[in-house]
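Chain residues, written in single-letter form:
There are 2 protein chains.
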Amino acid sequence: MVERTEKRHTEKMKKKQAAHDKIMAGKTAEKGLLIVHTGKGKGKTTAALGMVVRAIGHGKKVGVVQFVKGAMATGEKAVFDAFPGNIEFKPMGEGFTWDTQDRARDIAVARGAWDEVKRMIEDPSYDMVLADELNIVLRYDYLPLEEVLPVLTGRAPMKHVIVTGRNAPEALVAEADLVTEMTLVKHPFREQGVKAQPGIEY
Amino acid sequence: MVERTEKRHTEKMKKKQAAHDKIMAGKTAEKGLLIVHTGKGKGKTTAALGMVVRAIGHGKKVGVVQFVKGAMATGEKAVFDAFPGNIEFKPMGEGFTWDTQDRARDIAVARGAWDEVKRMIEDPSYDMVLADELNIVLRYDYLPLEEVLPVLTGRAPMKHVIVTGRNAPEALVAEADLVTEMTLVKHPFREQGVKAQPGIEY
Chain E
1 MVERTEKRHT EKMKKKQAAH DKIMAGKTAE KGLLIVHTGK GKGKTTAALG
51 MVVRAIGHGK KVGVVQFVKG AMATGEKAVF DAFPGNIEFK PMGEGFTWDT
101 QDRARDIAVA RGAWDEVKRM IEDPSYDMVL ADELNIVLRY DYLPLEEVLP
151 VLTGRAPMKH VIVTGRNAPE ALVAEADLVT EMTLVKHPFR EQGVKAQPGI
201 EY
Chain A
1 MVERTEKRHT EKMKKKQAAH DKIMAGKTAE KGLLIVHTGK GKGKTTAALG
51 MVVRAIGHGK KVGVVQFVKG AMATGEKAVF DAFPGNIEFK PMGEGFTWDT
101 QDRARDIAVA RGAWDEVKRM IEDPSYDMVL ADELNIVLRY DYLPLEEVLP
151 VLTGRAPMKH VIVTGRNAPE ALVAEADLVT EMTLVKHPFR EQGVKAQPGI
201 EY
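Heads up: the protein sequence lines correspond to chains E and A, in order.
With UniProt numbering, you'll find the first sequence wraps up at 202, consecutive numbering, no jumps.
With UniProt numbering, you'll find the second sequence wraps up at 202, consecutive numbering, no jumps.
Think of the hints as simulated: they come from the structure by calculation, not from any bench.
All clues given are correct.
Identical chains blur together in the list; that is why a pair holds if it fits in one copy or across any two.
Capping the alpha-carbon separation at 27 Å, the derived lysine-lysine pairs in DSS-like fashion look like this:
| hint | residue 1 | residue 2 |
| --- | --- | --- |
| 1 | K77 | K195 |
| 2 | K186 | K61 |
| 3 | K77 | K31 |
| 4 | K60 | K77 |
| 5 | K31 | K195 |
Build the full structure now, drawing on both the sequences and the hints.
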């Protein structure tokens with residue numbers, strides 16, 4: 001019986017490998033991706049940050065613009081400081097919008113952040129650009145989608161752009177190459193009164 | 001009209017801020033979290049990697065054990081090499097299981113990786129432990145859940161443990177403090193024949 005089980009397992013795994021190899025053989029294209037992380041769950045910015053880390057580890061140049069944060073988090077800063085030539089980090093927001101309570105000022109802040117994203121997308125020296133929480137700014141109509149979308153889709157062929165934030169506009173999802181929705185299953189903030197902790201949230 | 005819209009916006013934002021402040025005031029606890037990233041979408045390992053980066057940026061010590069990878073990806077390696085005292089990285093898998101086709105060997109490999117995770121969880125010098133793709137190993141019954149779960153739940157109160165991989169067991173989800181499901185919306189591998197690229201996949 002044990003022997004039969006082992007044999008069945010080997011056969012199953014061989015089939016899996018053959019299917020996997022066939023799929024991979026058809027994948028030869030390289031292109032700059034438009035990536036969207038959306039959904040109400042955690043990990044949208046964190047996963048983008050993981051991609052940024054990988055890219056700088058490959059010696060690539062990455063631009064990061066944060067739309068709703070006014071300062072770089074301590075955890076990121078220490079790591080990025082070790083790779084000064086590979087990363088330009090711009091925390092352009094001045095707190096979340098519900099802290100500022102001034103729509104005109106929020107629009108001006110969003111505009112300033114967008115100008116940075118646009119500059120990085122148009123500058124061929126950047127291999128990857130992260131527009132962190134851009135979806136939130138679009139959701140509040142602080143920036144017109146019809147102005148933002150052509151810049152994202154008109155980027156150079158090999159440039160990766162990552163856009164994060166809940167409520168990604170449908171038109172952005174339609175244009176993206178890779179869209180992941182982070183779904184909240186359980187959250188210690190809501191259910192256990194646990195505060196933000198270093199290494200986890202920032 | 002413009003003025004009324006501005007006023008309405010300010011009032012709405014004030015309410016949001018008050019609600020947010022009230023919620024945050026109740027959040028005072030600190031604890032080591034058991035975090036699970038699951039689902040068929042991308043970003044499970046990448047988001048965990050982002051947390052690892054934040055933690056080492058805060059000067060914390062992190063242990064990473066990869067169950068299905070046999071070597072550290074180039075992108076991660078370059079960054080982690082810059083923080084040698086803060087991270088111990090153990091790629092313990094020898095390729096995905098469908099490449100090895102030997103169940104007995106896979107079980108031995110899984111056992112070796114688990115021994116490392118257990119050691120890091122039990123060693124007080126580690127602040128965070130990432131068991132990457134442990135869910136896959138549990139799914140294939142390479143390790144018994146009844147052996148793994150007590151080690152995870154019995155960890156020291158301030159230790160963070162992150163478990164990734166699709167098909168997280170229900171009993172693990174039930175014990176976890178934070179569970180995020182990554183859902184695939186669009187994927188360039190499947191739909192466009194694009195291969196794995198540096199900075200994105202590794």
